[in-house]
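Novice: Model the full assembly from the supplied sequences, consistent with the hints where possible.
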Amino acid sequence: MTKVTLSNLTKVFEGKADPSVDQIDLEIESGKLTALLGPSGCGKTTTMRMIAGLLRPTSGDIQFDGKSILHIAPEHRGAVMVFQNYLLFPFMNIRENVGFGLKMRGVSKSETQGRVREMLDLVQLPDHDDRLPSQLSGGQQQRVALARALIVQPSVLLLDEPLSNLDAHLRDEMRELIRRVQTELGITTIFVTHDQEEAAVLADRIALIFRGKLQAYDSPEAYFERPANLEIARFFGGVNFIPGHYDGERINTQVGSFAAPHAAIANGDAVLTIRPEAVDLGVGGDNSVVGTIRSHVYAGRYARFVIDLDGIVIEASADPWRVSEFADGDKVSVRFDASQIWVIGSSDLPRTSGAGTGSAELSGATSPQFP
Amino acid sequence: MSLNAQFAFDVGPDHTSPVATTKGRRPVLRWAAIVGLLAFLVAPMIPLIFWSFAFRWNYPDLLPSEYSLRAWKAVASPTNNVLLATWNSSVIAVVVTVLSIAIGVPAGRALGLHKFRGKRLVELLIVAPIIVPTLAVALGMHTLFIRYGLSNSLLGVSVVHLIPALPYMTLVMSGVFANYDAAFESQARSLGASPLKTQWYVTFPAIRPGLVVGALFTFLISWSEYVLTLLIGGGQVVTLPLLLFNFARSGDNAIAGALAVVFVVPGVLVLLLTSKHLSTGHAAMGGTGT
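Here the protein sequences come in this chain order: A and B. So the first sequence is numbered by the numbering used here: it starts at 6 and just counts up by one. So the second sequence is numbered by the numbering used here: it starts at 11 and just counts up by one.
In case anyone wonders, no lab produced these hints; they're calculated from the structure. These numbers were taken from a predicted model, which means no experiment stands behind them. The beta carbon of each residue, even a glycine, is placed where N, CA and C say it ideally should be. Be aware that one or more of the hints could be misleading.
[Stated by the list, open to error] Just the calculated beta-carbon pair ranges, DEER-fashion:
id	chain 1	residue 1	chain 2	residue 2	range
1	A	E32	B	G128	44 to 52 angstroms
2	B	R36	A	P44	23 to 31 angstroms
3	B	E133	A	R136	38 to 46 angstroms
4	B	L281	A	G119	40 to 48 angstroms
5	A	Q28	B	L123	50 to 58 angstroms
6	A	E32	B	L123	35 to 43 angstroms
7	A	P325	B	Q209	55 to 63 angstroms
8	A	T63	B	L282	49 to 57 angstroms
9	A	G119	B	I59	54 to 62 angstroms
10	B	H124	A	G71	35 to 43 angstroms
11	A	E116	B	T284	47 to 55 angstroms
12	B	E133	A	S12	39 to 47 angstroms
13	B	L123	A	G119	34 to 42 angstroms
14	A	R136	B	L165	42 to 50 angstroms
[As the list claims (entries may be wrong)] When the alpha-carbon atoms are kept at most 25 angstroms apart in a straight line, the in silico DMTMM-like pairs for lysine to aspartate or glutamate are as follows:
id	chain 1	residue 1	chain 2	residue 2
15	A	K108	A	D66
16	A	K108	B	D191
17	B	K125	A	D23
18	A	K114	B	E195
19	A	K21	B	D191
20	B	K129	A	E19
21	A	K218	A	E101
22	A	K108	B	E195
23	B	K207	A	E101
24	B	K207	A	E19
25	B	K207	A	D134
Specialist: Below, the structure written as structure tokens:
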């Protein structure tokens with residue numbers, strides 16, 4: 006059980022003007038699963054490599070349980086990293102790969118043998134000890150890599166994109182395994198991912214990083230339900246954004262006026278967000294407007310409609326059988342569930358975008374136009 | 011000649027899988043290539059073996075008319091220095107190989123793994139000894155070697171052999187490291203290996219096939235070097251090629267033949283011992299992830 010503290014952690018690579026990791030302050034709880042989430046190139050893997058000791062920070066500090074570990078060599082840190090492509094030593098068989106860390110620590114052969122077996126059991130790999138890594142599937146390689154890291158009883162386990170190289174069905178299996186092993190052993194685990202869903206499913210808390218800067222550090226629900234700003238809302242899969250003005254109770258937009266009890270701001274220029282699942286089709290009354298169905302997609306478990314509200318395009322999810330209820334071009338009444346509306350400030354977009362170019366691209370790429 | 015041309019075609023441009031493609035398309039060509047290769051490499055050895063046992067072998071006899079062990083007795087006799095020359099050749103070749111590894115592996119790593127300013131220039135300088143006539147370089151070095159007391163010594167000869175040997179080692183190793191993923195070393199460190207243990211348990215096994223090939227090259231280059239040995243050794247350092255050349259020039263075909271056989275044996279031995287690594291080529295650790 007180790008608490009990991011990053012303070013003011015910064016990494017500037019030689020020949021680059023902008024820092025790759027920019028003054029990150031983060032307290033990672035002991036015994037928890039924490040995700041470092043962000044788009045590719047945001048500095049999350051760099052952060053992880055600094056924790057592992059494979060990269061030296063330009064400035065700032067990393068502490069395990071309150072003690073700085075910057076001067077400690079990677080092999081003595083107790084933070085073991087599992088790389089994205091597993092990096093199993095190709096000339097060693099499975100047993101030798103898993104036992105590598107113990108061999109380096111001078112553990113006896115007989116003890117190593119027992120613990121290797123234990124670890125292979127833990128990651129649910131049958132006794133295929135003598136095979137070479139090249140004879141294993143991707144999922145099995147991932148298990149071996151995990152066993153190889155866990156056998157040295159690390160105080161911090163670092164996983165770099167643990168699921169990204171796996172097929173969809175293996176992903177679920179591996180996710181379960183990581184979750185189970187982590188709970189069983191209670192190792193402080195940090196993993197890097199670019200997939201917000203993966204982060205939400207796996208992590209206790211998510212540290213969101215854009216352009217080397219920590220944006221937020223919160224529970225998965227908070228990011229999906231109450232995103233702090235437009236950029237975060239978009240990153241977490243938000244698609245419906247309607248600009249307007251918020252007076253503290255209602256948001257007035259060019260489409261109509263909606264009751265909105267939940268908001269990230271007190272009042273002012275704002276953007277209404279709502280998940281496609283919370284948009285009711287064919288229901289009138291309060292908080293409803295009329296739109297035109299542009300197109301639809303039938304996805305088996307749900308049907309998705311693209312609806313034009315007087316120039317602003319939104320998406321709505323509905324039960325799959327309702328696909329026969331509407332035809333493209335139909336006028337339809339659309340109701341926003343007031344309890345599901347979340348209002349965020351529109352003015353904080355330019356502020357967060359700052360010097361970076363990423364958010365400029367983001368705002369240009371999506372459908373709604375801002376006044 | 012046509013057989014040789016065929017061979018060149020087979021292993022030349024398509025070095026990804028020359029055998030497989032020819033095998034698939036035209037087995038006749040494949041066999042022609044193998045026969046041609048054997049004829050080219052092995053056939054010249056056959057007369058040498060006969061010569062070493064021949065007492066009388068006159069035109070137009072296909073085989074010697076009389077045999078004797080005279081040449082082999084002469085080779086074994088201490089007065090002819092064959093043992094000393096074999097010893098000298100071995101010591102020099104081993105020293106050259108060790109020095110080439112010590113210099114060539116780090117150099118190859120730098121070239122294969124890293125990008126740095128002036129890399130092209132360094133690459134050019136490394137192959138320069140192969141391009142520039144060795145004799146020209148050696149003549150210049152000779153004066154330096156005399157000044158520093160390196161001429162006429164085993165060490166001096168070993169050092170000068172590095173001129174043709176080192177480029178091969180460096181080029182082979184830079185090829186190996188170009189396909190090498192240094193992240194394996196990070197992984198080993200993270201799992202608890204010290205830098206030294208990482209080199210021994212992870213880097214060395216990964217580069218071993220290429221290392222063996224490079225060492226084989228350098229050993230054989232040094233083993234068969236004549237001009238540089240003569241120049242820097244000043245005739246004081248007698249190696250097998252020097253001895254062989256003397257007998258060949260003096261017209262004693264029998265002794266020259268016997269010496270040639272002695273000369274070839276170590277090379278063939280080394281080749282047989284390392285053939286396993288030659289066939290696996292540069293199987294370094296690259297892209298083994300998925």
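Novice: Within a Cα-Cα threshold of 25 angstroms, do K108(A) and D191(B) meet the stated pairing?
Specialist: 22 angstroms, holds
Novice: Would the pair K129(B) and E19(A) pass a check requiring their Cα atoms to be no farther apart than 25 angstroms?
Specialist: 18 angstroms, holds
Novice: What's the verdict on K108(A) and E195(B), does the C-alpha distance respect the 25 angstroms limit or exceed it?
Specialist: Within the cut-off at roughly 16 angstroms; holds.
Novice: Does 44 to 52 angstroms hold as the CB distance between E32(A) and G128(B), or does it fail?
Specialist: Holds - the Cβ-Cβ distance for E32(A) and G128(B), about 45 angstroms, lies within 44 to 52 angstroms.
Novice: Taking the CB of L281(B) and the CB of G119(A), does the distance hold inside 40 to 48 angstroms?
Specialist: 44 angstroms, holds
Novice: Does D66(A) lie within 25 angstroms of K108(A) when you go C-alpha to C-alpha?
Specialist: Between K108(A) and D66(A) the Cα gap is close to 31 angstroms, so the pair fails against 25 angstroms, i.e. violated.
Novice: Between the alpha carbons of K125(B) and D23(A), is the straight-line distance 25 angstroms or under?
Specialist: Judged against 25 angstroms, a Cα distance of about 21 angstroms means the pair holds.
Novice: Could you check the hint for me, namely that T63(A) and L282(B) are 49 to 57 angstroms apart, CB to CB?
Specialist: 54 angstroms, holds
Novice: A range of 54 to 62 angstroms was offered for this pair. Does it hold for the Cβ distance of G119(A) and I59(B)?
Specialist: Once the Cβ atoms are compared, 59 angstroms apart, the range 54 to 62 angstroms for I59(B) and G119(A) holds.
Novice: Can the suggested window of 39 to 47 angstroms be confirmed for the beta-carbon pair E133(B) and S12(A)?
Specialist: At roughly 44 angstroms between Cβ atoms, S12(A) and E133(B) fall inside 39 to 47 angstroms, so the hint holds.
Novice: With 35 to 43 angstroms as the target window, see if H124(B) and G71(A) comply at their CB atoms.
Specialist: 38 angstroms, holds
Novice: For R136(A) and L165(B), compare the CB-CB distance with the range 42 to 50 angstroms and indicate the outcome.
Specialist: 49 angstroms, holds
Hint compliance for this structure: hints 2, 5, 11, 15, 21 and 24 are broken, all remaining hints hold.
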